[in-house]
Amino acid sequence: MSGTYLGMPAFPKAAHEAVHNTTLRGNLRHATHTIRAKRANAVAEMSDWAELREAGKQIKDHTLRHLDRYLVRLEESVQAAGGTVHWAADADEANRIVTYLVKATGESEVVKVKSMATQEIGLNEALEAEGIAAYETDLAELIVQLGKDRPSHILVPAIHRNRGEIRDIFAREMSEWGRPAPEGLTDTPAELAEAARLHLREKFLRAKVGISGANFMVAETGTLVVVESEGNGRMCLTLPETLISVVGIEKIVPTWRDLEVFLQTLPRSSTAERMNPYTSTWTGTTDEDGPQTFHLVLIDNGRTDTLADEVGRQALRCIRCSACLNVCPVYERAGGHAYGSVYPGPIGAILSPQLRGTGSEIDSSLPYASSLCGACYEVCPVAIDIPEVLVHLRERVAQGGPVTERGDKVVLKPAKGHAAERAAMRAARWAFGHPGVLRTGQRLASRTRRFHPRTLPGPGRAWSASRDLPALPAEPFRDWWQRTNGGKETGK
Amino acid sequence: MRVALFLTCVNDTLYPDTGRAVVKLLTRLGVDVDFPMGQTCCGQAHYNTGYRQEAEPLARQFSDVFREYEAIVTPSGSCGAMVRELYPRMGERARAEGRGDTLARTLAPVVPKTYELTEFLVDVLGVTDVGAYYPHKVTYHPTCHGLRSLGLGERPRRLLQAVKGLELVELPGADECCGFGGTFAVKNADVSAAMGLDKVRNAESTGAEVLCAADNSCLMHLGGTMTRLRTDLRPVHIAEILASTEEEPLK
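Chains as they are written, first to last, in my numbering: chain L, 1 to 492; chain R, 1001 to 1251.
Isolated chain L, as found in the complex (with noise of 0.2 Å):
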């Protein structure tokens, strides 16, 4: 993935910078919340959601299940319309062929419609490094790129910004990349809409390739589909002469039928909205009109790995909708970037150590980066038990396990520092296998009540930080029960 994100703390860590941190904290707040109720209002108008969600997991599921054989028809259908497919098995290999292929058109500047495989593998810091200048496109995307900063939101990657912090990095960096801020920019919608719609425009128009990644690719045709709001992917889409797009191994359907599930349940899911304002399509290449060279890189990147576990191969299911973003409570107050990872959130939390490994700090924490309550799954259009994968994670996190490293099967060692967690585990769960060990202990801890602190030594003490303890009773229940025989003698 890519390598801004490299040697990011644990995931508690960042967290704890975006929790005392208010502005953002306040714009994680009023956006989440914002979007949160629209998607649910979305979702209520349709009676049949319930039968979507399971035809999109069921299809999703098929498809993994014989991915070999439609990624094998996918690449008959894009050559027979006359394209030409790549296969990248990770980040340098995709990064390479695309470097590549650019210069091979001669130019040293592309446009890009917004997508996440090219976050993932990095390639605007691949292309940078050769020479070649990659100019984002999509609205939020170009507010991070201009900002020096990284996108925390699957489909707002400028989530965390408001108004005012656009407008100025919009007055501050314009220039420097082609077309200025126009004079005295303020901080209303339309005006700064209109700053990005003349300074991409130049773009637009200049560009001879295009970058783009894919939402959904259709076996049968060899049809690639970009579904978004603003019309910029369109232009990058349609312009340049050649086309390069960048996607995912588990980003297909089988047929064209398939599609029609998913052009329904993405857009409600995502921005609430009954169908996306633009929905592009595009087959090879037509004489005389759009792209004359088009070029299909396929990206594992870990995925066939992740397609290997029986739990977390659920994660691939995943359309990129960022509803369970939206709807949870440890996004809204960690904000996306303490995820260390294009992927944040919920499904950051699942797919990354999938796709990367938990061997990082980052990554084996990301599994415990949640209360387990359950609203994102309730809300994923396409029915991924998010807490189900979590606790499989964490599983392999601490106490170690088999998995699938490029191919290979390995038993990997329980990750470090959960040493002592390990420990009490065991002496809590032999505690709790012996009724009378733990009474004699419960006993124990009530004599002793009132030399107890409320706030706690040692680890404890991010309990003790912020709430106190509750102080012990006088009695358990069990002494309760068996001194008074179930409460039917002497008193309470």
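What the hints contain is simulated information worked out from the structure, not anything from laboratory work. Computed from a predicted model, the values in this text were never measured in an experiment. Just so it is clear, CB atoms sit at the ideal spot from N, CA and C, and this is done for glycine as well. Incorrect hints may appear among the rest.
Between beta-carbon pairs, the in silico distance windows are [what the hints assert, rightly or not]:
hint: 1; chain 1: R; residue 1: Gly1173; chain 2: L; residue 2: Arg257; range: 38 to 44 Å
hint: 2; chain 1: L; residue 1: Pro9; chain 2: R; residue 2: Gly1173; range: 28 to 34 Å
hint: 3; chain 1: L; residue 1: Arg257; chain 2: R; residue 2: Arg1105; range: 37 to 43 Å
hint: 4; chain 1: R; residue 1: Leu1029; chain 2: L; residue 2: His30; range: 42 to 48 Å
Using the hints provided, position chain R relative to the given structure of chain L.
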């Protein structure tokens, strides 16, 4: 009807009043309640923290202790969800890992017989008015596992609305997690505390005297936040409200 009370390790150790309230309430409704002394913990903390190997013997123990009863009643949506939702999953995993279906067969009998308290009252006993009296302004927090795993729906609210003297007020953002989340409260203490604070502030904004829920672990986290804030709001378990009567009111 021979019913076993599964009190949960948290309630047994820290909140015995909730257990006494359940006994009082169910006895008043004509139920013969037993408390099997062999019970300890359902294994949820282990399971959800990633220690399934440690949770499995506790689940087996749970089944051994409770399998003979007609019904198992617990005043905890979270521990109820552990048995009902996650025990079958533990059995499936054991089978998928080639360990046969012994675990699944051991756990199966207790799964459909385990009820969260409000579910038991409404669905099994068929009552919503339990003859309670509690003259206070109350707001209700539907805890996540009760809400989403067990689907308790309107049952707790219907029970509270039938309590004489009780004024039930809606909690803004009721469906949002309070931030407890078991070991999450320690592992991600900053985020957990921020979530708890928002929940308490929302409850305060209703003007209620009492924040009621069907899970003492969530109430422990919220209650700890309340005492720190020195607010007049109090955490009370729903069982204690439902057990309260004019003759013996909850203080």
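For the hint 37 to 43 Å, verify it against the beta carbon of Arg257 of chain L and that of Arg1105 of chain R.
42 Å, holds
Using the C-beta atoms of Gly1173 of chain R and Arg257 of chain L, is the stated range 38 to 44 Å upheld?
40 Å, holds
How does the Cβ-Cβ distance of Leu1029 of chain R and His30 of chain L compare with 42 to 48 Å: does it lie in that range?
Cβ of Leu1029 of chain R to Cβ of His30 of chain L: about 47 Å, so the range 42 to 48 Å holds.
Assessment of proposed distance window 28 to 34 Å (beta carbons of Pro9 of chain L, Gly1173 of chain R):
30 Å, holds
Checked against the numbered hints above, the structure violates none of them.
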